[in-house]
Amino acid sequence: MAMTKKKKKFIVNLITHIVLLLLVFICLFPIALVLTNSFKENSEIVRNPLSLPVVIHLENYIQAWTTGKFARGFINSIKLSGITILIVLFCSTLAGYVLAGKRIKGSSAILMYFMVAMTVPIQLFLFPLYYTFAKLNLIGNIPATSLILAATSMPLAVFLMRTFFLAVPKELEEAARIDGADTAQVIWHVMRPVVSPGIITVSVLVGLQSWNEYLISSTFLQGEKNFTATLGFLSMNGSYGSNMSILMASAIILIGPIVIFFLFTQKYFVDGMVSGAVKG
Amino acid sequence: MKKRKINWNYLLIAPALLISISIILVPGIMTIMYSFTDWNGISPNVNFIGLKNFTELLHDNIFFRAIGNNIIWTLMFLTIPVVLGMLSAMLLLGRKKTKSIYQVSFLIPYVLAPAVNAMLWLNIIFSPVVGLVAFLRNMGLDINSPLANRSTAIFACAGVDIWHYWPYLTVIYLAALRQIPTDQVEAGKIDGCNGWKLFRYIYFPNIKSTVSLMFIMITIGSFLAFDYIKLLTGGGPAHATEVLGTYAYSFAFGSMKVGKAAAVGLFISFFGIIASIIYARISRKENVE
Numbered sequence: 001m002a003m004t005k006k007k008k009k010f011i012v013n014l015i016t017h018i019v020l021l022l023l024v025f026i027c028l029f030p031i032a033l034v035l036t037n038s039f040k041e042n043s044e045i046v047r048n049p050l051s052l053p054v055v056i057h058l059e060n061y062i063q064a065w066t067t068g069k070f071a072r073g074f075i076n077s078i079k080l081s082g083i084t085i086l087i088v089l090f091c092s093t094l095a096g097y098v099l100a101g102k103r104i105k106g107s108s109a110i111l112m113y114f115m116v117a118m119t120v121p122i123q124l125f126l127f128p129l130y131y132t133f134a135k136l137n138l139i140g141n142i143p144a145t146s147l148i149l150a151a152t153s154m155p156l157a158v159f160l161m162r163t164f165f166l167a168v169p170k171e172l173e174e175a176a177r178i179d180g181a182d183t184a185q186v187i188w189h190v191m192r193p194v195v196s197p198g199i200i201t202v203s204v205l206v207g208l209q210s211w212n213e214y215l216i217s218s219t220f221l222q223g224e225k226n227f228t229a230t231l232g233f234l235s236m237n238g239s240y241g242s243n244m245s246i247l248m249a250s251a252i253i254l255i256g257p258i259v260i261f262f263l264f265t266q267k268y269f270v271d272g273m274v275s276g277a278v279k280g
Numbered sequence: 001m002k003k004r005k006i007n008w009n010y011l012l013i014a015p016a017l018l019i020s021i022s023i024i025l026v027p028g029i030m031t032i033m034y035s036f037t038d039w040n041g042i043s044p045n046v047n048f049i050g051l052k053n054f055t056e057l058l059h060d061n062i063f064f065r066a067i068g069n070n071i072i073w074t075l076m077f078l079t080i081p082v083v084l085g086m087l088s089a090m091l092l093l094g095r096k097k098t099k100s101i102y103q104v105s106f107l108i109p110y111v112l113a114p115a116v117n118a119m120l121w122l123n124i125i126f127s128p129v130v131g132l133v134a135f136l137r138n139m140g141l142d143i144n145s146p147l148a149n150r151s152t153a154i155f156a157c158a159g160v161d162i163w164h165y166w167p168y169l170t171v172i173y174l175a176a177l178r179q180i181p182t183d184q185v186e187a188g189k190i191d192g193c194n195g196w197k198l199f200r201y202i203y204f205p206n207i208k209s210t211v212s213l214m215f216i217m218i219t220i221g222s223f224l225a226f227d228y229i230k231l232l233t234g235g236g237p238a239h240a241t242e243v244l245g246t247y248a249y250s251f252a253f254g255s256m257k258v259g260k261a262a263a264v265g266l267f268i269s270f271f272g273i274i275a276s277i278i279y280a281r282i283s284r285k286e287n288v289e
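Chains A and B supply the protein sequences, listed in that same order. The opening position of the first sequence corresponds to residue 1 in my numbering, with each subsequent residue numbered one higher. The opening position of the second sequence corresponds to residue 1 in my numbering, with each subsequent residue numbered one higher.
Covered by chain B, according to a simulated footprint, are these stretches of chain A (three or more residues, beta-carbon under 8 Å):
(1) 96-110
(2) 253-261
Now the in silico label distances, taken between C-beta atoms and shown as ranges:
(3) A:108 - B:270: 21 to 27 Å
(4) B:18 - A:9: 57 to 63 Å
(5) B:270 - A:21: 41 to 47 Å
Residues from chain A that face chain B, not an exhaustive set, calculated with beta carbons under 8 Å:
(6) 19
(7) 20
(8) 24
(9) 30
(10) 45
(11) 90
(12) 91
(13) 115
(14) 123
(15) 129
(16) 148
(17) 154
(18) 214
(19) 247
(20) 274
Don't read these hints as lab results, they were simulated from the structure. Everything numeric in this text was worked out from a predicted model, so none of it was measured. Beta carbons are placed, not taken as given, at the ideal position from N, Cα and C, and that holds for glycine.
Construct the complete structure from the given sequences, taking the supplied hints into account.
This is how it looks when you write it as structure tokens:
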């Protein structure tokens, strides 16, 4: 009896792992294919995309880096995401502090507003915004585009920061107030250290979101010199199929940093994803 | 003294509110107004044309095809990723050492940019010249790029988006499942529940609120579908993969009918607002409970 139970458990475990590995395969197969082909010659890819590289052609990467103008692309991407993170952090931390304590009249109305703003489609505000920005000569302007990206991630960031501020014990602020601290000091010296995991979570989520964003950045960042790394990569595809090795190497140049970044920040990333959706 | 403190707090909320209002609310209201005009985006000459944009849409076959495609998109997203997410979350629930390795591997497509994911599928998988499709064709299989076929293109687009999206649900469901008190699960096991019964009577009822929240978010998201279609097919071939998002975009930046684009945009928002009202209702009910 004990034996069969053990056996049964073993089989269940085996099936579980087979199914999970199958799912891993589905997720990673296309990416693995890009990786192996990025080391191959164009003709080798055309002949068989499934074969492993015989000779490692690292020069694909050098060529990709220059054709894709990635040096400038990455600088633009960093600017775009960096400015977006700074705007969102500054605004959402302050707003989260105010809304967590219901410190002003209409706090719940503001929360309601942000809840609706979170589900508003980009197409509801994109077109007038584009033509207004065009009139103000802001098309191709990275900080201006950051402002739009910041506005789209603001609601979620405000909710997340509010949740983190809600977890701060009231006594902490009261004690500081008794010691004569003003609001700025309370936020900077008392609250900031406590909510710093929230600040990291928001930075990671907003950073990745703005790095990957397509609709707004492709609409507003026109002009090749303003292209982010992703937009530069997309423009390479114009010469469709002409040189797959370079295209594949370019894809890896884009995938690599994000995967590494994700591996280091996954805890915060997963926390941020979950706290928006699961009440705990 | 007290009055000064209140003023401070209004100042603190101002940046977040001002940015949101100037980027989202004001242009949103402008969209509503422009949907009743024939504005082309540039000309200062804007004429009020009443409901003409909307009545024209009601006689537009492509518009209805776009709605149809959004509905296909919604149905696919409400089934395939939900089942995959639930299955993988249940399987991961029992894993201790390997859980995070699996979770991280699943999430890699999710954290990559849609532009990168789409290019990757477009070239190395779907391309009839260099991709997997081309390779299989050379082997003698009679297949073509599913993106080139009018009847399969929408499913291929949704497939790529689902490939990228489903691990998100795994993470959400797994987080919800892990909050279930272990004594409930133990009690269920003692009562003789296992496998499907355990899921049906113990796990599922406990995460029902998360599941229904995700249903609403998926529905909202499906009517906003844009990135993968724009990147993979651009709405083609012959409007076969047109959805409301891409259709509005092509009005605004292709044929310069911004008034009409606004009308389509309003239509998308209409679904979003209905769903977000339901969402607000549900989350408020839960807060009360």
